[in-house]
Amino acid sequence: MLFCPFPAQEYPRLRQLEEEALARWKGQLETPTQHVDLQKLRQGHFPLLLGRAHPNLPPERLSAALDFLIWNFSWNDLMNGVPLVWLQEQNWLALAVLQGATPARDALPSLWMLRDIRERLLGSTPRAWRERFIRACQWYFRGMIREARVRAEHLCLDVSSYVELRRLSAGTSMVFTQMEALEGVFLPEELLAHPALVQLTRTATDVMAWANDLFSLERDLRDDCHPNLVLSLRLERELPLDEALRAAAEMHDTAVRRFLVQERSLPSFGVHDAAVSRLVLGMRRWIRANLDWSLLTGRYPRTAASQCSRVA
Numbered sequence: 010m011l012f013c014p015f016p017a018q019e020y021p022r023l024r025q026l027e028e029e030a031l032a033r034w035k036g037q038l039e040t041p042t043q044h045v046d047l048q049k050l051r052q053g054h055f056p057l058l059l060g061r062a063h064p065n066l067p068p069e070r071l072s073a074a075l076d077f078l079i080w081n082f083s084w085n086d087l088m089n090g091v092p093l094v095w096l097q098e099q100n101w102l103a104l105a106v107l108q109g110a111t112p113a114r115d116a117l118p119s120l121w122m123l124r125d126i127r128e129r130l131l132g133s134t135p136r137a138w139r140e141r142f143i144r145a146c147q148w149y150f151r152g153m154i155r156e157a158r159v160r161a162e163h164l165c166l167d168v169s170s171y172v173e174l175r176r177l178s179a180g181t182s183m184v185f186t187q188m189e190a191l192e193g194v195f196l197p198e199e200l201l202a203h204p205a206l207v208q209l210t211r212t213a214t215d216v217m218a219w220a221n222d223l224f225s226l227e228r229d230l231r232d233d234c235h236p237n238l239v240l241s242l243r244l245e246r247e248l249p250l251d252e253a254l255r256a257a258a259e260m261h262d263t264a265v266r267r268f269l270v271q272e273r274s275l276p277s278f279g280v281h282d283a284a285v286s287r288l289v290l291g292m293r294r295w296i297r298a299n300l301d302w303s304l305l306t307g308r309y310p311r312t313a314a315s316q317c318s319r320v321a
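Take the position in the sequence shown, starting the count at 1, then add 9; the result is the number in my numbering.
No lab work stands behind these hints, which were simulated from the structure alone.
Note that the structure is a prediction, hence the values are computed from the model and not measured.
Every residue, glycine too, gets a C-beta built ideally from N, C-alpha and C.
A few of these clues could be false.
Said to hold, decoys possible - Derived lysine to aspartate or glutamate pairs resembling DMTMM-like cross-links, with alpha carbons at most 25 Å apart:
1. Lys49 with Glu27
2. Lys49 with Asp86
3. Lys35 with Asp167
4. Lys35 with Glu162
5. Lys49 with Glu28
Stated by the list, open to error - Computed beta-carbon distance windows for the label pairs:
6. Val91 with Asp167: 22 to 30 Å
7. Leu275 with Arg246: 31 to 39 Å
8. Ala137 with Pro249: 29 to 37 Å
9. Val168 with Gly279: 32 to 40 Å
10. Pro249 with Pro135: 19 to 27 Å
11. Asn85 with Arg255: 37 to 45 Å
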């Protein structure tokens, strides 16, 4: 079972958050040209994920962030298995929309949806934060493109190369940057660049990425060369699948313990100590919320891999 010492959080207004999100998306999803299925959206349990990560915020504070979360998952589904050149083009168009561009008249409906989400999401946030958030989105899109190239070329990466790729494609840079705006914690750029915080954020990314790889393994096995930590471990160490699965779980647990050590070792940041503590608490909540959501979402099949990924 996966090690996670962080307490589970319930979102007290989850039903309201779910119903309001479904109402917002219903009209969009019933459009014939749209690619997302309403039932699939329900089974995704995305409000549960965001609510547990931000248990003290009201639904109205979470609505734009939730729509962006849903958009990202649906975008990822849309980009799955398409030609690499087209995927690259669409991802850079999406980035341009986040930067303020208006989609072309014949653009994908998802890009028009993103334009509307952008207006609500970025709003009156500080310019420095907006620029940092867009950079985080750029890293995520770059990770999607690299991952698609790996699949197109039928490569199975060694563990080191895969770790580098996964830190981009996991999307946690977007998540943690957005967390600052939701919780009202805007830290100076130079503080966020402190090696101790960079290291802690990278470790939190690894924890969430390795957990997702365990839960999504059965789905990823359907693809000849879908990047996944378990598959890279199997190749590099010449392991049977079950042993590679256990090795990936051990890497996850080691990363959690490393996070705890790094958290305790953080230096004082003076007047920013309280804000840094809130940032770290947010990472802990996201790590736990990601695990709880992975056990409940309909995106991952209930398989032997996911049973091994139960939370201790």
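* To do: Could you tell me which of the numbered hints above are not met by this structure, giving the numbers in increasing order?
  => 3, 4, 8, 10, 11
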